[in-house]
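Number of protein chains: 4
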Amino acid sequence: MDVGIIGMGRMGRGMAASLARAGHRVRAWNRSPEGSRGIEGVTPVASAAEAFAGDAAITMLADDAALEAVVVEGGLLDGAGRPKVHLGMSTISVALAGRLAAIHGRAGVPYVSAPVFGRPDVAEAGNLNIVAAGPAPAIEAAAPLLQAMGAKTWRFGEEAQRANAVKLAGNFMIVAAIEAMSEASALSEAHGVSGADFLDLMTNTIFAAPVYKNYGGAIAAGRYEPPGFGLTLGAKDIRLALQAAEHAGVPMPFASVVRDNLIDAISHGDGGKDLAALALVADRRRGRT
Amino acid sequence: MDVGIIGMGRMGRGMAASLARAGHRVRAWNRSPEGSRGIEGVTPVASAAEAFAGDAAITMLADDAALEAVVVEGGLLDGAGRPKVHLGMSTISVALAGRLAAIHGRAGVPYVSAPVFGRPDVAEAGNLNIVAAGPAPAIEAAAPLLQAMGAKTWRFGEEAQRANAVKLAGNFMIVAAIEAMSEASALSEAHGVSGADFLDLMTNTIFAAPVYKNYGGAIAAGRYEPPGFGLTLGAKDIRLALQAAEHAGVPMPFASVVRDNLIDAISHGDGGKDLAALALVADRRRGRT
Amino acid sequence: MDVGIIGMGRMGRGMAASLARAGHRVRAWNRSPEGSRGIEGVTPVASAAEAFAGDAAITMLADDAALEAVVVEGGLLDGAGRPKVHLGMSTISVALAGRLAAIHGRAGVPYVSAPVFGRPDVAEAGNLNIVAAGPAPAIEAAAPLLQAMGAKTWRFGEEAQRANAVKLAGNFMIVAAIEAMSEASALSEAHGVSGADFLDLMTNTIFAAPVYKNYGGAIAAGRYEPPGFGLTLGAKDIRLALQAAEHAGVPMPFASVVRDNLIDAISHGDGGKDLAALALVADRRRGRT
Amino acid sequence: MDVGIIGMGRMGRGMAASLARAGHRVRAWNRSPEGSRGIEGVTPVASAAEAFAGDAAITMLADDAALEAVVVEGGLLDGAGRPKVHLGMSTISVALAGRLAAIHGRAGVPYVSAPVFGRPDVAEAGNLNIVAAGPAPAIEAAAPLLQAMGAKTWRFGEEAQRANAVKLAGNFMIVAAIEAMSEASALSEAHGVSGADFLDLMTNTIFAAPVYKNYGGAIAAGRYEPPGFGLTLGAKDIRLALQAAEHAGVPMPFASVVRDNLIDAISHGDGGKDLAALALVADRRRGRT
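Just so you know, the protein sequences line up as chains X, G, C and F, in that order.
Using this note's numbering, the first residue of the first sequence is number 1, and each one after it goes up by one.
Using this note's numbering, the first residue of the second sequence is number 1, and each one after it goes up by one.
Using this note's numbering, the first residue of the third sequence is number 1, and each one after it goes up by one.
Using this note's numbering, the first residue of the fourth sequence is number 1, and each one after it goes up by one.
By construction, these hints were calculated from the structure, which means they are not laboratory data.
Be aware that one or more of the hints could be misleading.
Identical chains blur together in the list; that is why a pair holds if it fits in one copy or across any two.
Claimed, not checked - Listed below are the simulated EDC-like cross-link pairs for lysine to aspartate or glutamate, each with C-alpha atoms no more than 20 Å apart in a straight line:
no. : residue 1 : residue 2
1   : Lys236    : Glu246
2   : Lys152    : Asp197
3   : Lys152    : Asp200
4   : Lys213    : Glu34
Working from the sequences, and respecting the hints, build out all of it.
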């Protein structure tokens, strides 16, 4: 298929590579042009409008503001060569996803929310878990692309924003898992057990899942840089989850706790580290530093 | 080896069966005698003192009070036929474990704390993860028993109570995982996604670990009875974790949240259900019932 | 002085009455015209622009959106007859206050943030506590108006948004006081003491302050309607406080708790009641209803 | 009346002085004898048993353990010269109060729980607020003593432990007020407003109550030593409140937050300071230190 990608950060680059490897013709645009260069089979284009065309366009941008700036304020939907489907794969708010679905509907461009679970190396390997919601024919038309990028596509119906609610709920679970490991390690260490030994046990037995292994390994090693998933981005996702929860009338006390702890981390200069650095808060609060 | 078990609840029975299957000679005592009957190769005895003898004695009782009543107040350590090692496998407080280590030391009976991760069916299969701390020679002497009961024994040094700190920290992580799934499902459902679909995604991808699969499956199905791990027992473990944390100077805001939610659950009549029924609190708080 | 008021809800009407009583010439505008009628000495005007003129203009609107719609999008600052000072007395976000200060600066209209503490009857009596920040000459020019409306004006410097931070911090303290009374009453009642008797003691001794007497009296009597200060408005203020806190790097765990409890209250249909109805959450959570 | 006091800490000494000033004959015992010396009209005695006699005995000890050691293990109720009424004025657990009521009942000594609100200077001035519960005739018999020590006695029925539930609920409200001021000040300061200016406003207007003035003044001045009410004691009271809440099925999320923050404070070496030093936690968490 003929596909354009807007947003060539580490995730976007991995996805573009997977698409090209699967034989798709990939055009790519990034705000800073070097982002779209140097991937075999991927053709850099000079404007977002050139990428927003063809059989499908994919957006993979940092946040609501970036997506609104490029798609809405950038007037992409008014362009001539609009794509047959827009796959919105960024982690954005439920509210923006709903708005995008509405304005795409008016513009006659099918919009599918398709955020993903997986870090950049997983994107590069084409093994993402893709959470998709939107018009069924559009999702089916995009199937070859989704198969190239993901291990599996999980479908959540026709309302695009549901996929975003799922993505935010999932990211909340990731942050909660890190907080749980942080508190549990702090408890263990305060009783003379090394956090590394404790986490080795847990992440190899009843918590032997990728999230625990990844972040638990980082906490055990005290290895918070370079960031795989930045703490500030995690804080943004918790903010979006709390907004979506408030709007839908859902108390989320765990999300509130991690919100406060992420602020604590950022106020202590750890915003640029990996999300696993949330563990430093529990350490500090027990007087360790 | 010649081993006695004190406490033949569902966990104790599973462990006794595993030991007998491995060829050990097993004596068993339970407060209500029927508990110790009907397992092939396991001989019921009439008193705790008869079980507290031989190559090793194992205690697997419900809580601090039960263990103190039988071992300390029951005067087992003053008996004639004391065992060569005492494996304390109950989930008890760090404080009691420390006290037991001290009084066993004075009585000349090596004491090993060896609490376990795993539900009754895992005990029955001999696949527990055993967390052991205590005098190294005693742990080594008990190795054939530990191998019969467990998939692996994880060692945490010579101070017995460290194993209990690890066990409580681990159980806290279990309850935290259930709370995280509960809040995340509530968020998803409030946006039109079924909790079952959401949990199916999470527990088969980045959270594909036994704890998430077990409890996530129960939450997805709304299946809270019969209890595998009772909610009231979980509340007890969180209380013990918070006590151990307070004593060692560790704030645990997640543990505080689940403490409040477990109280909420018990006050709404769900104390006799499975720990997974914690999910009903998040549901109720968003006005669903 | 010649003053215009924009926003004649219950607070605005009380303030207008106080101003007229003190001899000021008061023009008033409200979105629904009946709001500005029927107060002796207060002249209704047909447009916000007619009110935004004279020696001073006062805005007292429900929230950020209302203020932005009228002042910014309504283009008031581009009008011919602009006032000598704008007193922004609404409870709005720190961010919007900062933005208003900037655009007023460019338009050459001095902007003073002057939110207030006090319910409508206090406004009517001219006994508000006014929290003012902005250019000193502007505050001094407005002194006769502030004296007419308030018992005292508390000044917080030249940066307008500081007054809004103070107002939000104060409103947070009010909600926290209600939550504390709610939990303490629940604890008392669960031990057989009537919450009314308990609150009678506390609010007449070490907590003998207006906030405790007002809300404690309402909780003791179970009297939540009609709302003096609506629960939904309180939830909005907590949201603004949390946003201001996050932006400035301040964890606020109490604010997080009341946020969740206010959502719980709204999800149970109590959003239209008085803020004191927050007490129903603590009651419900202990299984009382 | 002829009264004995057991426990001559700062509170006990103030109460003894008030009693003597009112003309009562006061015997006093303290573990370290110097504690009971040097108050006009107060006669030191050599044993707790000598104080536990006469028309009434008062106990004012630090905690459950001290009271149990002296009264229960010390066998005071088996003594010959038992008092006509025992006023238990210490801040103790609801559970212990219930147990004391039961064993006093069996011993035929009327037991009244009568904990107090007020710092040592208030005790010295005879202006305590006394919270009394127990057999009505016993409370009435003790009326002259209660009048000498207190501004007012608030009665909560015949079940002694109800007074203790009220006392713990009240102390929780004090700690919650400090936490609310701490977070609100942190928010203000992060926006450029001095905490002292902010607290000056609040504690002189809608929060003009003794608790806010006392602790708010200390926070504003950063004056945490010497302790009026020690932070470690406050942590003990929150622990007792949480125990009483758990036992009665009451979630208390605010109490959980302050529990964690008090642990944080103690782990940072502030346990010996005044309870107002809880404010240092909010400061530290926003990265100020």
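A quick look at each hint next to the structure:
For the identical chains of this complex, Lys236 and Glu246 are neighbours both inside a copy (15 Å) and across copies (11 Å), given an alpha-carbon limit of 20 Å. Taking the shortest alpha-carbon separations for Lys152 and Asp197, only the inter-copy value of 14 Å comes in at or below 20 Å, while the best intra-copy value is 34 Å. Taking CA atoms no more than 20 Å apart as the test, Lys152 paired with Asp200 passes between copies only; the shortest distance there is 13 Å, against 29 Å inside one copy. Proximity of Lys213 to Glu34 under the C-alpha cut-off of 20 Å is found in neither arrangement, the shortest distances being 33 Å within a copy and 43 Å between copies.
When the structure is compared with the earlier hints, a violation turns up for hint 4 alone.
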